[in-house]
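First to last, the sequence lines map onto chains G and U. Under this note's numbering, the first sequence has 379 at position 379, and the numbering climbs by one with no breaks. Under this note's numbering, the second sequence has 110 at position 110, and the numbering climbs by one with no breaks.
The set of hints was computed from the structure by calculation and includes no laboratory data. There could be a bad hint or two in this list.
As the list claims (entries may be wrong) - Simulated crosslink set (DSS-like; lysine-lysine; CA at most 25 Å straight-line):
1. G:K340 / G:K125
2. G:K121 / G:K199
3. U:K138 / G:K199
4. G:K137 / G:K151
5. U:K138 / G:K201
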Amino acid sequence: MSLRTWLIRAASVLAAAISVSASPALADDFNWKQAQGQTVRVLLNSHPWQETLEKRIPEFEALTGIKVEVSSLAEATFWDRVTLGLSSNEPPFDVFMLSPNQTGYTGYQNGWIEPLDGYIKDASKTDAAYDFEDIYKYTVDGFRLPTADGKVYGIPISLETYMIFYRTDLFAEQGIDVSALGTVDDWLGALEKVNAAYKDKGIAAVSIRGQDPTMPDELLAAVNNYWGDRPFMAQRMFYFDENWKPRFTDPAVMKGFELWAKLLNFGPPGVENFTWYEVSNTFAQGRAATIWFDASVFAGMLNDPKQSTVVGKVGYAAVPKTETGHGTTHWGWGLGMTAKSPVKDAAWLFIQWATSKESDLDTGKATFGPVRASTWAALGGTFPPEFTKAADESFKISVPGYMYFDGAREVADRIIDAVMRLKAGEDPDAVMGQLNDQAAKIVEANHLKK
Amino acid sequence: MQPATFALPSRRSFFGSRAFYGYLFTVPGLLVAGALILYPLLFGLYVSLNDWNWASGQSAQMTFVGLRNYIDLVHDELFWNALLNTFYFTGAALVVEMMLGTACALLLNSVAAGSAFFRTILIFPLMISDIVAAIMWKMLLDPSLGFVNYLLSLVGIGSINWLSDSHLVIPAIVLIDAWWQTGVITLIILAGLQSLPEEPREIARVDGANAWQIFVHVTLPAITPFLWTAAIFRAIDLLRVFAIVWGTTGGGPARASQVAQHYIYAQGIGGYLHIGYSTSLAVTFAAFICITVVILLGLSRKGPAE
Numbered sequence: 001m002s003l004r005t006w007l008i009r010a011a012s013v014l015a016a017a018i019s020v021s022a023s024p025a026l027a028d029d030f031n032w033k034q035a036q037g038q039t040v041r042v043l044l045n046s047h048p049w050q051e052t053l054e055k056r057i058p059e060f061e062a063l064t065g066i067k068v069e070v071s072s073l074a075e076a077t078f079w080d081r082v083t084l085g086l087s088s089n090e091p092p093f094d095v096f097m098l099s100p101n102q103t104g105y106t107g108y109q110n111g112w113i114e115p116l117d118g119y120i121k122d123a124s125k126t127d128a129a130y131d132f133e134d135i136y137k138y139t140v141d142g143f144r145l146p147t148a149d150g151k152v153y154g155i156p157i158s159l160e161t162y163m164i165f166y167r168t169d170l171f172a173e174q175g176i177d178v179s180a181l182g183t184v185d186d187w188l189g190a191l192e193k194v195n196a197a198y199k200d201k202g203i204a205a206v207s208i209r210g211q212d213p214t215m216p217d218e219l220l221a222a223v224n225n226y227w228g229d230r231p232f233m234a235q236r237m238f239y240f241d242e243n244w245k246p247r248f249t250d251p252a253v254m255k256g257f258e259l260w261a262k263l264l265n266f267g268p269p270g271v272e273n274f275t276w277y278e279v280s281n282t283f284a285q286g287r288a289a290t291i292w293f294d295a296s297v298f299a300g301m302l303n304d305p306k307q308s309t310v311v312g313k314v315g316y317a318a319v320p321k322t323e324t325g326h327g328t329t330h331w332g333w334g335l336g337m338t339a340k341s342p343v344k345d346a347a348w349l350f351i352q353w354a355t356s357k358e359s360d361l362d363t364g365k366a367t368f369g370p371v372r373a374s375t376w377a378a379l380g381g382t383f384p385p386e387f388t389k390a391a392d393e394s395f396k397i398s399v400p401g402y403m404y405f406d407g408a409r410e411v412a413d414r415i416i417d418a419v420m421r422l423k424a425g426e427d428p429d430a431v432m433g434q435l436n437d438q439a440a441k442i443v444e445a446n447h448l449k450k
Numbered sequence: 001m002q003p004a005t006f007a008l009p010s011r012r013s014f015f016g017s018r019a020f021y022g023y024l025f026t027v028p029g030l031l032v033a034g035a036l037i038l039y040p041l042l043f044g045l046y047v048s049l050n051d052w053n054w055a056s057g058q059s060a061q062m063t064f065v066g067l068r069n070y071i072d073l074v075h076d077e078l079f080w081n082a083l084l085n086t087f088y089f090t091g092a093a094l095v096v097e098m099m100l101g102t103a104c105a106l107l108l109n110s111v112a113a114g115s116a117f118f119r120t121i122l123i124f125p126l127m128i129s130d131i132v133a134a135i136m137w138k139m140l141l142d143p144s145l146g147f148v149n150y151l152l153s154l155v156g157i158g159s160i161n162w163l164s165d166s167h168l169v170i171p172a173i174v175l176i177d178a179w180w181q182t183g184v185i186t187l188i189i190l191a192g193l194q195s196l197p198e199e200p201r202e203i204a205r206v207d208g209a210n211a212w213q214i215f216v217h218v219t220l221p222a223i224t225p226f227l228w229t230a231a232i233f234r235a236i237d238l239l240r241v242f243a244i245v246w247g248t249t250g251g252g253p254a255r256a257s258q259v260a261q262h263y264i265y266a267q268g269i270g271g272y273l274h275i276g277y278s279t280s281l282a283v284t285f286a287a288f289i290c291i292t293v294v295i296l297l298g299l300s301r302k303g304p305a306e
């Protein structure tokens, strides 16, 4: 063979080799089995997302050869388990459902949670098809700690905004045209009508959270609805200004709290102890005419004939506007990894699988709260049109509803006490004034003022 | 004749004596008790002198602050509210359970046939754990769906908000605890009754005393030591109530049912993560329990001499 022929052959072989290695077909070679044989322990909260995902875990085990041990707990027990586990030197789980405000901030400060940026960017650890950018940026930012330009400490798994659900049949029976109800006062008038008509039949006008430790998250939506366009600091939300001075006597905050108390008084007996389980179940069992300021993810369960007796009678609306504003909040669960996990690569494989496009498509059908743009595009048409309209409108007017800072849990508990006292009829100025004092003491005790 | 070449240990020598082996064999038990009881106690006391706030990222280190936690708790109105609720609950539950338990014991003692059957029924609730009792009663006391309100509605009483009304919530919890633990009192008093000699009652009956007089003047003085024992044991456990509150109301409404243990839990691992402060609350509460027990023991000894 002449030198020229050899050079041409070598060049063409080289060119072929370069084109083959650059071809996307090679991306299929992502090694899902790189952590084969290891065991990943997962702690989940009882949630529609968890119920759907657990069914598919055998697929993950077959794909990766990793054994998965899942522990799913009711929410009240889950909070304790997650905190205790994270604080231990040997956490009993590797992957867990992460609430950015309840657990994320504390976990970040104590170094209990692993930042995930390194894993996402590492092509050997993350499948090219993962498409992290597909996840809505504003929900990812909620998991960036300590602020929205920090590292990512959790991958979003479900997204919720706070809106209204109502019984289309009951409202129709009372001749109430929901599209004409534009303001909170319009709706309160409608609730009076519904209350008068159905209270004695065992159907309360409103189902809303009471003493749930997470109720302050939803209350933020009610306050935002009155807050208007005024600025506020992320994480402190509306309750503290730049100098950590408490603002609970601000008229918008007071109106938000009073609205919540009013709605509680439209609730069924025992509403004071309602957590989100009771809120959604009461409506699903036909014992409430509306749900206020609660999660869009309920739509999945309310439309499931196995769990709901009111399928086909559910209406959806964004929260109505007030004289001073129109807004709500959104929030989301995520999946996190413990910083002390001995199987981090295996745990990351699980997290990326559980938050992949296929997973989100599957869980999105159950939660009605997918986190990926691609899923929303695919599923938007399958959701009831009124839901899509209400959810779209809600997301347009919503701000992230995450309150976290040192002492936030204590402030949240005092907020719950204040709302309960307002419900019992105590004077709002006295209650909110005392809440202000308590909040100031908590700020003091936690050395928040620099 | 040569004396024995080995000497038995003399009475003076401790090593090798029976007493020595006695102490030696208690060492393993003491070590276990020390590890499981003494170490956490001392560590807890030490932690209570520190500021250990996991909610500010301090989980890796503590800051020594001396008695500041104890000074802070004096001004903590939620802690005193919790103590008040605890003593209210304990007093009410003790009275209810002592009266109910003693009545049941007297009845069981006087029933000849089938007493084993009734005894099993009465102490059956003891076999379940407190959290199971709490969740069960939370459902039973549900204002709309609960069985209790259903039964009340059959006799015309309207729906009662057992666990959401701040005036009713502690009586409701007393009810739950009475259902759950009256069996303990019954067993103790029953044991006492069955240990009594029959003669004093026979004599009183022969002398013409009626049942009530026999009870008040003969039986009651004789079982007083058992009553005090039952009361003191029950009081200690009642003061430490937790799961029944956690499982039903979570301390609400607005702290009306928050008992001391629940507040300690909320300040600590269950909520605010102020571990140092929460431990100081726990130490203070333990001191209150000790004082209560000492008072009760003192009162029990002041009774008429046997």
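Taking the hints in turn, this is what the structure says about them:
1. G:K340 / G:K125: 19 Å, holds
2. G:K121 / G:K199: 56 Å, violated
3. U:K138 / G:K199: 23 Å, holds
4. G:K137 / G:K151: 13 Å, holds
5. U:K138 / G:K201: 23 Å, holds
Checked against the numbered hints given earlier, the structure breaks only hint 2 and satisfies all the rest.
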